[in-house]
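Colleague: Dock chain G against chain U, hints included.
Chain order of the listed sequences is U and G. For what it's worth, this note's numbering labels the leading residue of the first sequence as 34, then goes sequentially. For what it's worth, this note's numbering labels the leading residue of the second sequence as 18, then goes sequentially.
The hints are simulated quantities; they were obtained by calculation from the structure and are not laboratory data. Being a predicted model, the structure only gives us computed values, none of them experimental. Even for Gly, the Cβ is constructed at its ideal location relative to N, Cα and C. Some hints could be false.
[Unchecked claim] What follows is a list of derived Cβ distance ranges for each label pair:
#1 U:Leu548 <-> G:Ala60: 53 to 63 Å
#2 U:Trp495 <-> G:Ala60: 55 to 65 Å
#3 G:Arg92 <-> U:Lys488: 54 to 64 Å
#4 G:Ala60 <-> U:Glu756: 18 to 28 Å
#5 U:Asp449 <-> G:Trp31: 40 to 50 Å
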Amino acid sequence: MNGAAGAWPVDYQKAANADWPIAPSDPRQEDPEYRKVQEERLERVWATPKGWRYWSDVNNTTIGVWYTAASFGFMLFAGVLGLMIRAQLAVPDNDFLSATFYNQVYTLHGTVMMFLFAVPIFEAVAIILLPQMLGARDLPFPRLSAFGFWCFIIGGVFVAGSIFFDSAPTGGWFMYPPLTTQERFTPGYGPDVWLLGLSFIEVASIAAAVELIVGTLKCRPPGMRINLMPLYAWYVLVVATMILFAFPPLIAGDILFELERLFGWPFFDPERGGDPVLWQHLFWIFGHPEVYIVFLPAIALIAMIVPTFARRPILGYSWIVLAAVGTGFLSFGLWAHHMYTTGLPAMSLGFFSAASEAVAIPTGVQIFVFLATLLTGRVTYQVPMLFVLGSLGVFVFGGITGVMVAIAPFDWQAHDSYFVVAHLHYVLVGGMVFPLVAGVYYFWPVVGQKRLSDKLGRIAFWLMFVGFNLAFAPMHWSGLMGMPRRVWTYPAGLGLEWPNLISSGGGFVFAAGFLVVVFDVLRPKGHVPVAERNTWNAGTLEWLAETEDKNWGVRSIPIVTTRYPLWEQPRFMEDVDKGRFYLPDAEENLRETLVTSVLDAKPIQCLRVPGPSWMPFWAAVFLGAVFILAVFHLWMATIVAMGLALVAIIVWLWRGTSFVPEKKEKDVGRGLSLPLYMSGPQSVSWWAMFITMTGDATAFLSLVFGYYFFFTIHQDFPPPGMENAPGQLWPMLSLALFASAWGLAVAANRLNRAGRVPLARLAMGGGGVLSLLAAAALLWAPYATGLDPVVHVYPAIVWTLAIWTAVHAAVGTIMLFYCLARSLAGKLTPEYDIDICNVALYWHFMGGTALVTIGTISLFPLVA
Amino acid sequence: MHLLPSGKTRDNLWTLITPPTVWAWHFLLSYITAAYACAPNDAIFEAIPGPRLLVAVLTVVALAIIAWCGVRAWREWQSEYVAPPFNEASPAHRERFLEFSTLLLAGLSFVGVVFVAMPALFVVDCR
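So here's chain U without its partners, still in its complex pose (with noise of 0.2 Å):
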């Protein structure tokens, strides 16, 4: 025992070889009765609300815990629906569903599964890992995590839920118009359900994205350089980073989508110059990265459970961070592949093609990895092992038949076919439903602190393999016979029964595997023994878990030097424990982690993170109602809803951020101090609005897409008498204005910094007005020059474009107001200015955005 003070057994100035100094611990940490006041202390300051106040709980663990069970959730429903679907395939002219009602369980059996279990589930699991992994207290933004939970729950029930009303969608999971779009095809609520619901899940999707890259990058341990890095949190980096990209373009596309719907702006109706493949488009490039956004955090799990069972670190670092970037980059160069039938032309289908082929390389890459570590490790098999090592057989099985589809003159021949079907299930449950098993097995006993039964996990593993090829291994036949994805039945006499048959079969036995799993998560485990800490003997920082659940996340955060801290740290785990590490206490009663450097994880703040609050929920409560009375187009009780949503999100804001602490600095141990508040760049809230604003720019510029598409297949675009709209005059009186208003915001943040605050004020309050009258002139310009959105899509586009403008230009005004607002209550100085300084950033994009709009409507047609 290390009694002594200042008798350090490792020196980890020179073992981390920091650039800051690391001094001897305190020595009063060693004290058993110092340490408990601090234990006290800080299971205050972390506590899980108590009572009904439950649910206003931030905290990671919890959300993360929710979102994961509700994830869960909606998967066990969506398998019910997967199970009527084979029932109803069982035999030939089968009648157990009706045609329209088994429309609706394929629609919500795909769209359910991939929107309410396949993604959240990622971000489910990250939110509960993610912290552990990297010694955080907690992300940070977990009011931020909380908001997006309930975003979830509301829009997911809203959409599984319309089933029971018979009005779920119908269209198929990705919606094609213009069967969706019209209502001679699509009578009813369903697309709007669709559109609405999703695209609130969608808003979820980023929020987690913003919270998972800030998180990775800045709340790493102290000395956790990016060499590392665990490769869980490389691969959350790249899908959380994917999700920025991949998830806009489909809100884009949703919002075409219901202009059309709602209000008959042609976006994909031909007869007014509108084109359904331009959904397809957008569609897809969301909707192929994501199926490698479901696939890769899946296969993090894969790349953490490997090392520990084969007793080894990884072999080959370096390569599945490969992996993972090159996969994160190829995959947005595939989305056509899912259109290789619409008639494109040859040399586009062969890009797609090419890249479709070079995506094997990458994911081929990671296979080799893990399989090159279990060969020169020592392996123990035990029941996560087996669910890798399916989902590795199963997988790879998926990712050849890839390869077959990814070459055009095949895919002409098996798409829309069962092949199809059978490939995509290869590949997410073997690249995902196995490892995310094989993942529940392993982290049981990080959350609840009890192994799972090793008997029922080997019982679940081989029904549920057993019962998975029985169900989709015969699809390749059935597919290549001919049997169309999505239909009804099918008449006998076509050698579909026993295929079809053996299919429904092998279905019952997956799902029955699967519900084995859900009952030993279920089960009473009184009888069953706590499990030891680190039960699997693992490397990595989520094992410091202790057998005594403690929301506090790690007793102290440590300076990491090593891959695997846990076999390679000498007594590191004791050195945690006894808070030898930094933040042991929580003098102030605050919840506080640190924020480290990008690349070399040196500290440089000490985070206030906020604690529960109801806020969150009724912010999601309220812009939940937005979407869902806009669906049955309710108009006046949506412009309400909105309100409300803004008055919530601007009192969470004013009540629960940029707080003026109480000091500069804090001692967090060891010698260091730490500013307590950092603006510009070095905030943490700087990088989230760069981030959300980045994913703003890529549905933006989905939109403007949009545009040249149109322009690139009509011969006359603007159309023949519209040339001349919405003309020069007030685009360009809206051009000065909003570089009037972006100079302002600009000019706002340099006189704060600079001690000039009523100049300051000045600038905020001009700016804001400035860009209500920008905005003005913009949307006057298409409706002088007479543009009807409804006639053809060219005005449709470009009012959409103006109003897209418009809007974040309001926005803008908002953000500047609220700044004035801060100032005059003190609570913006010119020391104390994250505000302001965001502010200013999101002027930077706001103003490109005008630029581009502008430069787009007004000026482009001068040259077309």
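Modeller: Structure of chain G alone, referenced to chain U:
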């Protein structure tokens, strides 16, 4: 780019993703070139030598940039050679890790660009 006194690059996440970013731009511009040349898709049997040449030029430029990134990473890695797995807590290992990973990504991106350029080599018109 941030240069060290030695004239070497201080690698970061941006230098790491430069090669695949070049791949993405090459892909996007090639796609736009073909889409623009072939839309509206009226004269599908007419040869499009101009756009194919443009893709060829884009390809040469993209490959040159990627190769330059790869060679730079290789040189800097070799000049202060550390063998993988670069798992020490030091600026040197961080730097070598980023250089080696950049090299791998440059290789993948190079192959990716060659793959994507192939259709423009073999397909002559807008069919």
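Colleague: Compare the structure with each hint and give your call.
Modeller: Going through the hints against the structure:
1. For the pair U:Leu548 and G:Ala60, the supplied restraint of 53 to 63 Å holds, since their beta-carbon distance comes to about 59 Å.
2. Between U:Trp495 and G:Ala60 the beta carbon distance is about 59 Å. The supplied range of 55 to 65 Å therefore holds.
3. At roughly 56 Å, the beta-carbon separation of G:Arg92 and U:Lys488 lies within the given 54 to 64 Å, and the hint holds.
4. The supplied range of 18 to 28 Å is met by G:Ala60 and U:Glu756, whose beta-carbon atoms lie about 25 Å from each other.
5. A hinted range of 40 to 50 Å holds for the C-beta pair U:Asp449 and G:Trp31, which are about 41 Å apart.
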